[in-house]
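Could you use the hints to bring the two separately framed chains together as a complex?
Residue numbers (the working numbering), protein chains in the order written: chain A, 1 to 293; chain B, 1 to 291.
Everything labelled a hint here was simulated from the structure, so no lab data went into it.
Cβ atoms here follow ideal geometry from the backbone N, Cα and C, with glycine treated the same way.
Check each hint, because a few of them may be wrong.
Chain B stretches covered by chain A per the calculated footprint, using a threshold of three residues with CB under 8 angstroms from any CB of chain A [said to hold, decoys possible]:
no.	stretch
1	103 to 113
2	156 to 164
Derived lysine to aspartate or glutamate pairs resembling EDC-like cross-links, with alpha carbons at most 16 angstroms apart [as the list claims (entries may be wrong)]:
no.	chain 1	residue 1	chain 2	residue 2
3	B	Lys278	A	Asp182
4	A	Lys109	B	Glu179
5	B	Lys209	B	Glu282
6	B	Lys240	B	Asp67
7	B	Lys278	A	Asp112
8	B	Lys238	B	Glu254
9	B	Lys107	B	Glu179
10	B	Lys238	B	Asp69
11	B	Lys209	B	Glu179
Covered stretches of chain A (in silico footprint by chain B; criterion: 3 or more residues with CB under 8 angstroms from a CB of chain B, positions within the stretch not fixed) [as the list claims (entries may be wrong)]:
no.	stretch
12	40 to 54
13	99 to 106
14	115 to 126
15	130 to 142
16	223 to 231
17	258 to 266
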Amino acid sequence: MTTHTSSAPEFIHAKPRKRRPHRVIPGFGLSMGITVTYLTLIVLIPLSAVFIRSSGMGWEAFWAAISSRQVVASYKVTFGIAFLAALTNAVFGLVVAWVLSRYRFPGKKIIDALVDLPFALPTAVAGIALTALYSRTGWIGKYFYAAGIETTYSQVGIFIALTFIGFPFVVRTLQPVIESLDADVEEAAASLGANRFQTFFQIIFPALLPALVTGFALAFARAIGEYGSVIFISGNRPLVTEITPLIIVKSLESYRFPQATAVACVMLVASFILLLIINLLQRWSESVGKART
Amino acid sequence: MAGVISRKRYDNVPRTDSAISEPLWVRWLLTSIAIGFLTLFLLIPLVVVFHEAFKKGWEVYLASLQDADAVSAIQLTLTVAAISVPLNIIFGLAAAWAITKHSFKGKSFLVTLLDLPFAVSPVIAGLVFVLLFSTTHGWFAPFLREHDLQVIFALPGIVLATILITLPFVARELIPIMEAQGKDEEYAALTLGAGGWRTFLSVTLPNVKWGLFYGIILCNARAMGEFGAVSVVSGNIKGKTSTMPLYIETLYMEYNGSAAFALASLLTLLAVFTLILKNFIEWRLSKNAHS
Numbered sequence: 001m002t003t004h005t006s007s008a009p010e011f012i013h014a015k016p017r018k019r020r021p022h023r024v025i026p027g028f029g030l031s032m033g034i035t036v037t038y039l040t041l042i043v044l045i046p047l048s049a050v051f052i053r054s055s056g057m058g059w060e061a062f063w064a065a066i067s068s069r070q071v072v073a074s075y076k077v078t079f080g081i082a083f084l085a086a087l088t089n090a091v092f093g094l095v096v097a098w099v100l101s102r103y104r105f106p107g108k109k110i111i112d113a114l115v116d117l118p119f120a121l122p123t124a125v126a127g128i129a130l131t132a133l134y135s136r137t138g139w140i141g142k143y144f145y146a147a148g149i150e151t152t153y154s155q156v157g158i159f160i161a162l163t164f165i166g167f168p169f170v171v172r173t174l175q176p177v178i179e180s181l182d183a184d185v186e187e188a189a190a191s192l193g194a195n196r197f198q199t200f201f202q203i204i205f206p207a208l209l210p211a212l213v214t215g216f217a218l219a220f221a222r223a224i225g226e227y228g229s230v231i232f233i234s235g236n237r238p239l240v241t242e243i244t245p246l247i248i249v250k251s252l253e254s255y256r257f258p259q260a261t262a263v264a265c266v267m268l269v270a271s272f273i274l275l276l277i278i279n280l281l282q283r284w285s286e287s288v289g290k291a292r293t
Numbered sequence: 001m002a003g004v005i006s007r008k009r010y011d012n013v014p015r016t017d018s019a020i021s022e023p024l025w026v027r028w029l030l031t032s033i034a035i036g037f038l039t040l041f042l043l044i045p046l047v048v049v050f051h052e053a054f055k056k057g058w059e060v061y062l063a064s065l066q067d068a069d070a071v072s073a074i075q076l077t078l079t080v081a082a083i084s085v086p087l088n089i090i091f092g093l094a095a096a097w098a099i100t101k102h103s104f105k106g107k108s109f110l111v112t113l114l115d116l117p118f119a120v121s122p123v124i125a126g127l128v129f130v131l132l133f134s135t136t137h138g139w140f141a142p143f144l145r146e147h148d149l150q151v152i153f154a155l156p157g158i159v160l161a162t163i164l165i166t167l168p169f170v171a172r173e174l175i176p177i178m179e180a181q182g183k184d185e186e187y188a189a190l191t192l193g194a195g196g197w198r199t200f201l202s203v204t205l206p207n208v209k210w211g212l213f214y215g216i217i218l219c220n221a222r223a224m225g226e227f228g229a230v231s232v233v234s235g236n237i238k239g240k241t242s243t244m245p246l247y248i249e250t251l252y253m254e255y256n257g258s259a260a261f262a263l264a265s266l267l268t269l270l271a272v273f274t275l276i277l278k279n280f281i282e283w284r285l286s287k288n289a290h291s
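Bound conformation, chain B alone (with noise of 0.2 angstroms):
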């Protein structure tokens, strides 16, 4: 009630906006400070990206591109994004089961701990896995000898160190979608006779498809532009185990500075596509929970 009074114009008392709004230069002057901000801190960066890149011409861009050690580099990083991205995502559709479907001790433990890796240094979640497999100075260094196997400066060493990293996105977007539908959905289902698995596919994943796809392609952004972590476990060797951002930062380091922005500017347009899909999902999320 009190919202439809206050709400009420009267004529006597004009401009009423302007009491829960600011002066029109407040107004103008905040706005100008955000786009400015933004344009020096955002734009401008997504921009010189491109400059950069095209700076010698399409040739040199093409040429680059075409490299032998970035073709490589490319190809491993979708190779560990290929790998690393579907395990997270049948964590993330377990997790979210058993945390939002069903009530147990410890939960809100268990919520945390899916937050970890977001708030564990990069350089960190790379040590850890040079402390386990490392053959000269790893927990598990004589076994990894023995059996003649390299988990280091090696493929497994580059997919553990991402899936560790990008562990919680898949989770975390489909944990408060989940939370909010509720399982008023399973129920009816399960009374009306279906199993669990023909529930779970056939009623709560067409209800969260758009929250799991952005979960997906946040997942995927991260898992191919992953750095820190990468960089320590994977020994950096041309051609072998040189990542897309590793292989970024050789280049860049032989003051090869256009082939660098030509491959970064493949993973800039990944981040711009993935941004342009975030927004689609959110504008179907937001008419789904309108209609």
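Same shape as in the complex, but just chain A (with noise of 0.2 angstroms):
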């Protein structure tokens, strides 16, 4: 009994001294052990191998391999065709997720339901149909080599390509928001005698900045890495359309491993950067979402 009054106050004081907070729910350490094992196992030690085998080659060798002429061509290409896809996601999505979030027609369900195609549908089967579809004997591409555009084995056909595979990450982080907008902002803007143009680029369009530019990042970010749907419609040819992606690919078949990962080096910086420029776009999105409502 003394021994329990005793330690009663000291416990008291113990508590905020002690780092680890309690835990009610079990299962911490199993499920934390787990989680932290695997993702160093699978992913921390094989990333980690691209950074250690490049800074094993010595910066002279690193730099000749990621600044030859054929690698710089290839990044011209994958960022600048990349970037030309987003931005035609960015605008076309917008219209489809304010289509899809605010009018009601008929086969809406469907069309939603399609916009997902290009996360479910594998790369390289998309990669043929889309060469099957706009080549010059294709159902589209008869009409674009009639016009004198070279839809396939171009520089368009890696356009499309990453237009297709891009194309839900607009809308699907535009149509969340869209729906919680609070109609008595426009009505408000209305009765102030706003058109509806006006009403939607001073009031609609600033709420749906942030997330915009979240979707265009999202989508550029997954198509500066994609392979599988652009080698087949590109023609590969080197300094036109060859990808970097391809770049590593072909290094490796040819067992250049230094050039190989050189170069995966330098994609996956751009990566990391990426991912990083879209969490904070993303909380930006989460604080704007905050300060409307």
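If you want it as structure tokens, here you go:
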């Protein structure tokens, strides 16, 4: 009894000093252990291999590998066309997201479900389907070829593939934001004499902008790493239609491991920077959302 | 209150709704653009797969699916998915449990780490395992040669690359749902004397079953369809390490379009089936949320 009463105040004092919070729900150790082990083995160690291998190359060899004429041309193709495709997706994604969340029309459910197709369809299937469709004899391609636009085995072809695979990102980031917009604000703008276009560009668009930019960045990030759908439609001509992921594959196939690793290192750094930007954008998006409500 | 007042309809102000909607011609134009773009970019490619697959008739279609190499590609794809999807389910459940039911330092870092495989090019996801396990250039090359083990150009490499690519899907679906549900029901179960496993199996799991199911079908669709990562590690040996997407590429490059599209039509059906299930699950989830 005496020990019990004497230890009671000590217990009260001891609690705040303890760094580890008392966990009511069990299983933290097990679930955290599985999570960290798995991530370390599957993601962290393998990805760090790229950096460790690159650092062993020496700066001059590394620089030579990532700055050769062919590689630089591939950056331009990859990043340039990915940017244009993401931009196209931002414009059409905004229209599609707006139409799907605001208007009613027959077949809307099916159209809405269709938006996710690029997520679900294997990239190789998308690649051969788009190539068949946009080739000189394809259903759509024949019209473009008649107009003098080569839609396959060209940069236009890469653009088509990258637009296809990046499309859902903009729509799916915008849709919940458009649906959460408060009609009151739009009514207020209208009652103060704004016409619909003023309301859209001054009231609605600023509220959508963070989500739009986030969707753009997600589509862009996906597009720069894309491989499967592009290689079928691009024709893979060095300096003209060769994307950076293909440079990595070709280097590996010819056992030029340092070249493959160095270029992969550049791509990984680009992906990390984009991931960081996307995280910041999502925070911005959330803060704009909170400020509105 | 403000909402209630502003939603009143006054008789002397006709067509209140037009104030918060676009003129008819704009609505019509935007809807046409949206439907046109989706038809051109999404619907027609879907149709073209089946058109090309059946161009030479049913017999050629069925024969190309019964070809020995095609059958072995289908088997390999099923095997890879059967190994990698369950592992990612266990990981997804563990990660979601740790992240949503507990608080700890570095949680947001861990969540970012989870997204990493989405940001990495599939080609790099394959390359990293070549750097580790190649028997000529890899880190573990001496060990692998000594024990006569093959990871690259064999099943283990394909499975590893697939796991890396599909790792976030289950966890990503579970985390927002478990976050939204909070911990109250788990507290209640624990207070009533249930153990940790019992709480997990009979309280948490039933609550997230649709989200988990959704995560699994997405993970599965991607595992069966992965091309870039697998093509780097598999070596694409016909009848041995050629998965369905890889064999589609082989057939296509051999100018055997009908056979390539026949195999592609199976993966397209899987994708369409995944989309239908996704919409069914979303409908179930919204029904649960309303009730």
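For the stretch 223 to 231 of chain A, do three or more residues have a beta carbon lying closer than 8 angstroms to a beta carbon of chain B? holds (count 5)
Can you confirm whether the C-alpha distance between Lys109(A) and Glu179(B) stays at or below 16 angstroms? violated, 28 angstroms
Tell me if chain A covers the stretch 103 to 113 of chain B under the three-residue, 8 angstroms CB rule, please? Coverage by chain A holds for the stretch 103 to 113 of chain B (5 residues, Cβ < 8 angstroms).
Straight-line Cα separation of Lys209(B) and Glu282(B) no greater than 16 angstroms? Status holds; Cα separation ~12 angstroms.
Three residues minimum, CB to CB under 8 angstroms: does the stretch 258 to 266 of chain A make the cut for coverage by chain B? Let me know. With 3 residues closer than 8 angstroms to chain B, the stretch 258 to 266 of chain A meets the three-residue bar; holds.
Given the proposed pairing of Lys278(B) with Asp182(A), does the C-alpha separation stay at or below 16 angstroms? violated, 28 angstroms
Between Lys278(B) and Asp112(A), is the straight-line Cα distance small enough, at 16 angstroms or below? Distance of about 12 angstroms is within 16 angstroms: holds.
Just to be careful, I want the Cα atoms of Lys209(B) and Glu179(B) compared with a cutoff of 16 angstroms; is the pair within it? holds, 14 angstroms
Per the coverage rule (Cβ-Cβ under 8 angstroms, at least three residues), is the stretch 156 to 164 of chain B covered by chain A? Satisfied; 3 residues make the cut.
Do at least three Cβ atoms from the stretch 130 to 142 of chain A come closer than 8 angstroms to Cβ atoms of chain B? Check passed, 6 qualifying residues.
For the pair supplied as a hint, Lys238(B) and Glu254(B), confirm whether the alpha-carbon distance does not exceed 16 angstroms. Given pair Lys238(B), Glu254(B) holds - Cα atoms ~13 angstroms apart, limit 16 angstroms.
Per-stretch coverage check for the stretch 115 to 126 of chain A, three Cβ contacts closer than 8 angstroms to chain B: holds (count 12)
The structure fails hints 3 and 4 (numbered hints given earlier, in ascending order).
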